[in-house]
Structures are given as C-alpha cells and as structure tokens.
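Enquirer: What follows is each chain in one-letter form.
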Amino acid sequence: MGKLRYTLWLILVALPQLALANSQFNMRKGVTDISNNVYELHMTIFIICCVIGIIVFAVMFWALIHHRKSKGAKPAQFHESTKVEILWTAIPFVILIAMAIPATKTLIAMEDASKADITIKVTGSQWKWHYEYMGEDIAFYSILATPKDQIDNQAEKTEHYLLEVDKPLVLPINKKVRFLMTSDDVIHSWWVPDFAVKKDANPGFINEAWTRINEPGMYRGQCAELCGKDHGFMPVVVEALPEDEFATWLADAKQAKEQAAAADAALLDQTLSKDELVVLGEQVYMASCAACHQPTGMGLPGVFPALKGSPIVLGDVNDHIDIVLHGKPGTAMQAFDKQLSIKQLAAVITYKRNAWGNNTGDVIQPSQIQAAIDAAAEAN
Amino acid sequence: MSNVINEQATEHAHHDHHHPAKGFKRWLYTTNHKDIGSLYLIFSLTMFLIGGAMAMVIRAELFQPGLQLVDPHFFNQMTTVHGLIMVFGAVMPAFTGLANWMVPMMIGAPDMALPRMNNWSFWILPFAFLILLASLLMPGGGPAFGWTFYAPLSTTYSNDNTALFVFAVHIMGISSIMGAINVIVTIVNLRAPGMTWMKLPLFVWTWLITAFLLIAVMPVLAGAVTMVLTDKYFATSFFDAAGGGDPVMFQHIFWFFGHPEVYIMILPAFGIISTIVPTFSRKKLFGYASMVYATSSIALLSFIVWAHHMFTTGMPVAGELFFMYATMLISVPTGVKVFNWVATMWRGSISFEIPMMFAIAFIVLFTLGGFSGLMLAITPADFQYHDTYFVVAHFHYVLVTGAVFSIMAGAYYWLPKWTGNMYNETLAKWHFWLSLVSVNVLFFPMHFVGLAGMPRRIPDYALQFADFNAIISIGGFAFGLSQLLFVLVVFKCARGGEKAPAKVWDGAEGLEWEVDSPAPYHTFETPPEIK
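Heads up: the sequence lines are chains A and B, in that order.
Heads up, the first sequence is in the UniProt record's numbering, so the first residue is 1 and it goes up one at a time.
Heads up, the second sequence is in the UniProt record's numbering, so the first residue is 1 and it goes up one at a time.
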C-alpha cells in the first residue's frame with residue numbers, strides 16, 4: 001500500500017513539472033489572449049483525463065494485484081448492475097458538458113475576425129509564403145533562409161535551423177490583424193503556435209483568421225499540411241513590432257519598393273555582361289528553381305522535368321521566357337513574373353541556357369523580360 | 001453441449017475424403033474458412049513487416065536533424081505507403097482473418113456462408129498490394145501525397161502513380177466489401193439453433209457491426225478515388241476550384257469514409273478484448289448488453305463526426321461546434337467499454353497468460369489514445385494539435401497499442417486452437433515485454449514533440465526536437481525488431497510444441513473450445529444445440 005501511495009504522490013508532483021508551459025514538453029502559452037485561452041483549455045482537459053485515468057487504472061491495478069488467482073481469489077458471480085452502468089454513463093456526460101462550455105466560448109471568439117485593424121493576405125505556394133498588406137501596396141515572398149549546406153550536414157546547424165526566412169512577416173502588436181489565406185497550388189496550412197492560429201490555405205478559396213499580439217518578438221511556425229516534396233522546408237516567421245516601429249518599417253518598405261522600381265527602370269537601358277548574369281542567375285536558380293529542377297538541372301524523373309537538354313531551354317528564347325514568366329497551368333510550374341525582378345529573371349534564364357552543358361551562348365537582358373511582360377499585359 | 005464433441009468426432013471420421021488438397025493448389029483453390037483465415041493472417045503479418053520496414057526508413061531519417069538517408073520525395077512515399085499498407089494491408093486483413101477463423105466456430109456454423117466469394121476476396125488482395133508496391137518503382141516513385149491523398153496534391157501535382165494507387169485501392173475496397181457481406185450473411189443465417197442475438201459472443205457482435213460499417217463506407221472511398229482519377233485524367237473538376245470544384249469537398253468525402261474506417265479497425269479489437277478479459281478473470285463479462293449497445297452507438301456516431309479531422313479547413317463556426325460536441329460524445333460509450341472491462345476484472349480470479357497481458361496493455365494504452373482523442377475533439381485546442389506529432393502519437397496509440405495489440409492478444413489466445421500446439425511461453429513473454437516497453441519509448445515522446453510544435457510528415461526538423469526524435473527512433477527500431485520475435489513464436493508454434501487440449505484456457509467459454517485442437521478441417525457440419 002505504501003508503494004502505491006508513493007507512486008501516486010510521485011505522479012502528482014512530477015506531472016506539473018512535465019506540463020510546464022513553454023517547456024520542451026508542452027504546448028506554448030503563446031503571446032495572445034486567445035493562445036492563452038487555448039492553453040488553459042488544453043491543460044484543463046489534460047488534467048481531467050489524468051484524473052479519470054488515475055482513478056480507473058487505480059481500480060484496475062487494485063484488482064490485478066488483489067484479485068489474482070495465484071492469491072486464491074475466487075471469482076464473484078455479478079455481471080451487471082443497472083445502477084452503476086447508468087452512473088458511469090451519466091458522470092462522463094456531465095464532465096463533457098462542463099468542458100464544452102469554455103471550449104465553445106473560446107471557439108466563437110477565435111472565429112470572429114470582424115473589426116480588424118489591418119488585413120494581410122497570405123498565399124501559400126510550393127514551398128514559400130507570400131504576404132500582401134492589403135491597401136498598403138506592399139507584398140513579398142518569404143522563403144526558407146537555412147543554407148542547403150546545413151540541411152545536407154555539410155555545415156553546422158545554427159539556432160533557428162529550418163525556422164528562418166529571408167523576409168519575415170512584420171506585424172504590429174496590440175492591433176487586430178486579420179489574415180486571408182489562400183493558395184496558388186496545393187493545400188498549405190499557415191501555423192504560428194504562439195498565436196494559436198492554424199488555418200488551411202486552399203487553392204481557389206479564401207479562409208479567414210485573426211490575431212492580436214501582446215508582445216513584440218520573433219515568432220516561428222511551419223506549414224502544417226503536407227504540400228509535396230519540400231513541405232518540411234516552408235517555415236512561417238513573424239516579427240512583431242511596437243506600433244511606432246511598425247509604422248517606420250512600413251514607410252521604409254514603401255521607399256525600398258520605389259527604389260527597386262527605379263533601379264528596374266534604369267536597367268532597361270543597360271546591357272549586362274554574360275558573366276554577371278550567370279553569377280546572379282545561379283543564385284536565383286538555387287533559391288527559386290533548384291527545389292524541383294534540382295541543383296544539377298536533372299529534375300526528378302517522372303515528377304519534375306530536367307532542364308539539362310530540355311527542348312524549351314535549348315529552343316526559342318521567347319518560349320522559354322514565357323514559361324518562366326507565366327508558369328504552366330495544370331502542373332507544378334509556377335509563374336515567376338511576380339516573384340522575381342526583371343534582372344533576376346534575365347539572369348536565371350541566361351544561367352539555365354548556359355549551365356550543365358546547355359551551351360546556347362544566349363544572353364537575355366532585363367529589357368527583353370520587360371518587353372515580354374508588357375506584351376503579355378497588352379494581350380490581356 | 002458435451003454431445004457436440006461426440007457428434008464432431010463421428011462427423012470427422014465420416015468426412016475424411018474432404019481433406020485438403022496438397023501443395024499450392026490447396027491454398028489457391030480453397031474455400032475453407034480456416035484456410036482462408038490462415039491466408040489472411042499470414043498475408044497481414046507479411047504486410048505488417050513490409051509496412052514496418054518503411055517505418056524504420058522513416059525513423060532512420062528522423063533519427064537526427066538534417067537529411068541523411070533519403071530525399072524528401074522518397075520520405076513522403078514512405079509515410080504514404082507505410083500508412084496505406086498498415087491500414088489496408090495489415091490491420092484490416094488481420095481482423096478479416098480472425099473473423100474467418102473464429103466467427104463460424106463461435107456461432108456453430110460449418111463454414112462462411114459464401115465460401116467461393118471468400119476465396120476471391122482474399123486472392124485479389126495480394127495483387128492490390130503488388131500494384132501499390134510496384135508503383136514505388138515507376139519514374140517519379142509511388143504515392144507521395146499521404147495515405148489521405150488530399151486533392152490537388154494527388155491529382156494535378158502527382159505523377160502517374162495516382163492511376164496505380166486508385167486501381168489498388170479499388171481492389172482493396174472490393175475485397176473488403178465482399179468480406180463484409182460474407183460476415184453478415186454468415187452471422188445472420190448460419191447461427192446454430194438456440195444461438196440468439198443476445199447470446200452471440202462479443203467478437204461476433206463487434207464484427208457484425210464492423211461489417212455494416214464497411215459496406216457503408218468502402219463505396220464512399222471508391223467514389224473518392226474515382227473522382228481523383230477522373231480529375232487527373234478525364235478533365236473533371238470535382239476538386240479543382242478553377243473548374244467549379246472544391247478541394248475541401250475531397251476531404252469531406254474522404255473523412256466520411258475515414259472516420260468510420262477508424263472504428264472498423266477498433267471495434268473487432270473491442271470484441272477480442274471482451275473475449276479475453278473474462279477468460280482470464282474467470283468471470284462473466286460485465287455488462288454484456290451495454291457492450292452491444294455501446295458498440296452500436298460508437299458505430300452510429302462514427303458517421304457524424306468526420307469533420308473533426310478538418311477543423312482547420314475553414315468551416316462555419318456552427319459546423320465546428322456540431323462536430324466538436326458529436327466527437328466528445330463518443331467518449332461516453334467508449335468509456336462504458338473500459339469501465340465494463342475493469343468491472344469484469346474486479347473480484348475475478350485473474351491470471352496473467354500472454355493474451356491477458358496484451359489485453360491489459362490494450363486497455364491502458366488504448367485508453368491513453370482515447371484521452372488524447374478527447375483532447376483533439378476540443379476544437380480550439382485542436383488548432384494547435386492538428387497535423388502535429390501529437391496526432392501521430394494519438395492514432396498510433398489507438399492503432400498500434402490498440403488494434404495491433406488486440407490482434408496479438410487474439411493470435412496468442414487462439415494459436416493453440418489453430419495449430420494444436422502451445423506457443424513458447426518464454427519467447428512470448430520476451431515479445432510482450434519488449435513490445436510494451438519499446439512501443440511506449442516509440443510513441444509516448446511523440447506527444448511532447450507534437451505539443452512543442454513539430455508538424456507531422458516532415459523529413460527534417462528544427463533543433464529543439466532533436467533529443468526526442470532520437471529517443472523515438474530508438475524505440476522504433478526496438479519495437480520493429482521485437483516483432484521478429486512474434487514471427488518466430490508463430491513459426492515455432494505452427495511447427496510443434498506442447499500439445500494443446502480442446503479447451504486451452506480453463507476460464508474460456510464458447511463453441512470454439514468444444515472442438516479439438518487443432519480445430520478439424522471441418523467443424524460443426526451438424527449444428528450444435530445451444531441451451
């Protein structure tokens with residue numbers, strides 16, 4: 001008997017240690033009111049389950065220890081009791097109702113995305129996120145920043161391995177932020193555990209979610225719905241800033257956008273050297289193309305076509321530009337006209353037409369890309 | 001019932017010419033429920049090992065952060081095919097095998113009602129899995145879209161393995177439906193005189209209900225895969241918004257099959273546990289009638305909870321509330337079952353033979369999986385749990401320490417009846433204890449990494465998950481290797497061992513213990529009388 005009491009005591013002392021919030025063991029409390037409510041719900045139902053489990057299995061192990069044949073136990077004859085059976089149907093039912101009430105309240109609050117201060121359109125695609133600040137004319141892609149060397153175990157893995165991006169989503173604290181989720185290809189799911197926000201991004205449909213962040217900081221999550229080969233490599237990173245810093249960031253971002261547009265315009269009159277384009281093109285290729293077509297340009301047979309010796313890459317330049325700009329509907333080939341600058345596009349197409357023995361010698365200038373974009377806009 | 005044994009003996013002598021043919025033809029042409037039951041069980045064990053080998057690949061890759069052994073595309077094929085094989089190739093055929101062997105013997109029937117269909121429903125299965133496995137060798141590899149094959153990942157964004165996958169699933173579905181029809185027809189028509197509904201052994205009851213679930217939902221799965229096929233190859237747009245379809249509709253159709261499917265894999269397990277616990281407690285099952293009602297309620301509820309797999313897809317809040325309440329409700333009849341098992345043991349005369357050990361492990365660990373299921377039902381919390389390792393932990397507790405442990409329990413319980421020999425007790429004990437420890441090292445820490453934020457179906461992970469993943473992988477290898485002991489036990493038991501009496505377990509009840517061990521090729525050609 002002493003042993004049993006000791007074990008129970010140990011469990012009661014050890015459980016809260018294991019269950020500590022923000023530990024390696026448990027759900028994070030997070031940084032929003034909602035995520036705190038969710039954490040409380042999680043702990044409540046967890047403790048209810050623990051208590052029921054301890055009672056039921058205490059009874060069972062009592063029987064296993066004391067009602068053993070080897071101890072000379074003689075079986076009793078009872079095999080039903082309406083009273084007990086009604087009792088153990090009714091009690092769980094009451095516990096469930098008690099549990100359903102706070103769950104319902106939290107759920108209704110979670111699903112009310114009305115009266116938002118700002119709206120972000122989140123678009124998933126294989127395998128990156130695109131964020132658009134609605135009404136602010138700011139939009140960008142957010143791509144995994146962990147170097148391939150680390151993934152391939154060629155370099156030491158750094159602190160935020162696989163949970164770092166080139167450009168995080170920047171949000172203000174203390175504002176109600178509404179997310180509109182959609183996808184360009186397959187189903188993705190945008191998840192930041194610290195906000196308790198996880199919502200699927202469905203192609204062709206828009207989903208809603210919201211958050212109000214209480215503390216500034218960097219918050220990291222991942223895509224939560226299997227979305228193909230690199231599903232494990234599309235993290236979500238949110239940088240939450242105090243309101244004034246967010247305003248500064250927004251102004252800077254707008255300025256940077258204007259500068260980039262001016263730089264693109266200046267490029268139209270320039271002729272870039274092949275070497276410059278190939279060097280830049282390789283970087284762009286590794287970041288935007290290699291996930292499917294592979295660093296070797298060999299693709300994955302049966303899934304992603306090879307670019308080495310490809311009839312499109314070796315064929316007419318305009319066809320090649322067209323497929324890179326507009327993608328190939330009904331396949332995994334995305335449209336890159338909005339994802340890359342005209343300089344990057346020119347560089348990557350030049351690179352492909354000269355790498356891996358594709359020695360076409362072609363050099364594509366940013367002005368050619370701009371002409372193709374203009375022509376397509378006119379045709380529409 | 002003692003006159004039954006005498007009748008059996010004379011019947012047996014009379015039917016000597018009915019002995020099985022020799023060699024491969026015996027198995028290919030057999031219409032005997034015991035042969036077909038053995039075929040199903042051997043097939044299921046083979047698939048369990050193949051699916052397990054794929055799990056080992058998954059765990060080896062996840063042993064450390066970084067990509068070491070396989071590329072992400074192949075990793076996805078492994079998770080997908082592991083799931084498909086374990087669900088359709090290991091667990092379901094194992095239960096069908098047990099039903100084939102035991103249902104006729106438990107109800108005093110000479111065979112299954114539709115023996116030729118029985119042969120066919122088994123023999124198309126190996127071809128389904130050959131097709132599925134062969135698809136791994138085609139250019140671009142096999143299915144890599146998860147066993148749930150969500151569109152459009154399985155349509156527009158998949159290679160041509162989709163066609164083979166769809167064909168294989170169709171064959172599996174046809175096999176399951178034929179098996180289910182056979183079970184229903186047998187139970188309804190071939191019960192021995194006096195075997196009234198409320199005298200049916202619980203394994204028969206649970207299988208009857210399972211068979212109805214199968215007939216109800218396998219056609220839905222067939223519909224889902226057919227729509228995937230036509231979306232990919234025949235320009236339909238069921239799941240493509242660009243043509244007026246909806247990818248979320250796929251999930252509704254899939255989970256309308258998928259949730260009852262979960263119960264298809266656990267209701268027969270309840271039947272097995274309800275058979276074994278009274279035997280080794282030497283006491284009648286507590287609350288027989290409430291067990292039947294609870295099983296039926298679970299089966300009915302399983303049709304109205306499917307969207308709890310889809311809380312993050314963006315449902316109206318009313319829908320989320322409905323599916324949350326309905327899902328929570330399932331814990332009531334499930335709780336009744338657990339309470340009944342505990343009450344059966346209470347003031348029994350308990351002994352701990354291997355089947356009982358597995359049954360006790362089942363009750364504790366399945367309940368643990370039930371608790372995490374209840375947690376998953378709480379929609380706001382589900383947003384955090386969904387598609388993480390918490391879910392992986394949950395369904396492996398329910399399916400491995402639940403369904404698979406019950407199958408192991410049943411196999412140890414009836415092996416002496418099937419082979420006429422006792423299994424090697426020492427090896428079996430090693431198998432049990434190694435499995436029990438390793439399965440928890442394998443699946444318990446998954447709760448932690450899931451809560452800490454590790455998504456499922458990823459080939460590589462952030463550094464804070466590294467320690468637990470190493471432990472999980474070690475548990476995985478240990479559990480996988482332990483199952484080879486089971487193969488050894490079964491093999492040795494089939495070859496020889498201490499002779500088993502007709503009534504192998506002193507506390508056992510039921511018609512199967514009235515016939516010799518091993519059970520004669522033909523049993524109950526004259527139906528026994530049930531008092």
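Since the hints were made in silico from the structure, they are not lab data.
Where a beta carbon is used, it is the ideal one built from N, C-alpha and C, also for glycine.
Please note: incorrect hints may appear among the correct ones.
Across the chosen pairs, the derived CB separations fall in these ranges [said to hold, decoys possible]:
hint : chain 1 : residue 1 : chain 2 : residue 2 : range
1    : B       : V317      : A       : N174      : 42 to 48 Å
2    : A       : K254      : B       : F234      : 45 to 51 Å
3    : B       : M138      : A       : S114      : 35 to 41 Å
4    : B       : F322      : A       : E378      : 49 to 55 Å
5    : B       : D467      : A       : A58       : 47 to 53 Å
6    : A       : S81       : B       : D467      : 34 to 40 Å
7    : B       : F303      : A       : S81       : 49 to 55 Å
Below are the BS3-like pairs computed for lysine-lysine, each with C-alpha atoms no more than 27 Å apart in a straight line [stated by the list, open to error]:
hint : chain 1 : residue 1 : chain 2 : residue 2
8    : A       : K257      : A       : K175
9    : B       : K492      : A       : K74
10   : A       : K254      : A       : K121
11   : B       : K22       : A       : K74
12   : A       : K69       : B       : K503
13   : A       : K69       : B       : K25
14   : B       : K22       : A       : K69
15   : A       : K308      : A       : K274
16   : B       : K199      : A       : K83
17   : B       : K284      : B       : K199
Enquirer: Now look at each hint and say whether the structure bears it out.
Expert: Now for the hints, and whether the structure bears them out:
no., hint, result
1, B:V317 <-> A:N174: 42 to 48 Å, "violated (25 Å)"
2, A:K254 <-> B:F234: 45 to 51 Å, "holds (48 Å)"
3, B:M138 <-> A:S114: 35 to 41 Å, "violated (50 Å)"
4, B:F322 <-> A:E378: 49 to 55 Å, "holds (51 Å)"
5, B:D467 <-> A:A58: 47 to 53 Å, "violated (32 Å)"
6, A:S81 <-> B:D467: 34 to 40 Å, "violated (48 Å)"
7, B:F303 <-> A:S81: 49 to 55 Å, "violated (31 Å)"
8, A:K257 <-> A:K175, "holds (24 Å)"
9, B:K492 <-> A:K74, "violated (35 Å)"
10, A:K254 <-> A:K121, "holds (17 Å)"
11, B:K22 <-> A:K74, "violated (49 Å)"
12, A:K69 <-> B:K503, "holds (18 Å)"
13, A:K69 <-> B:K25, "violated (47 Å)"
14, B:K22 <-> A:K69, "violated (45 Å)"
15, A:K308 <-> A:K274, "holds (19 Å)"
16, B:K199 <-> A:K83, "holds (23 Å)"
17, B:K284 <-> B:K199, "holds (13 Å)"
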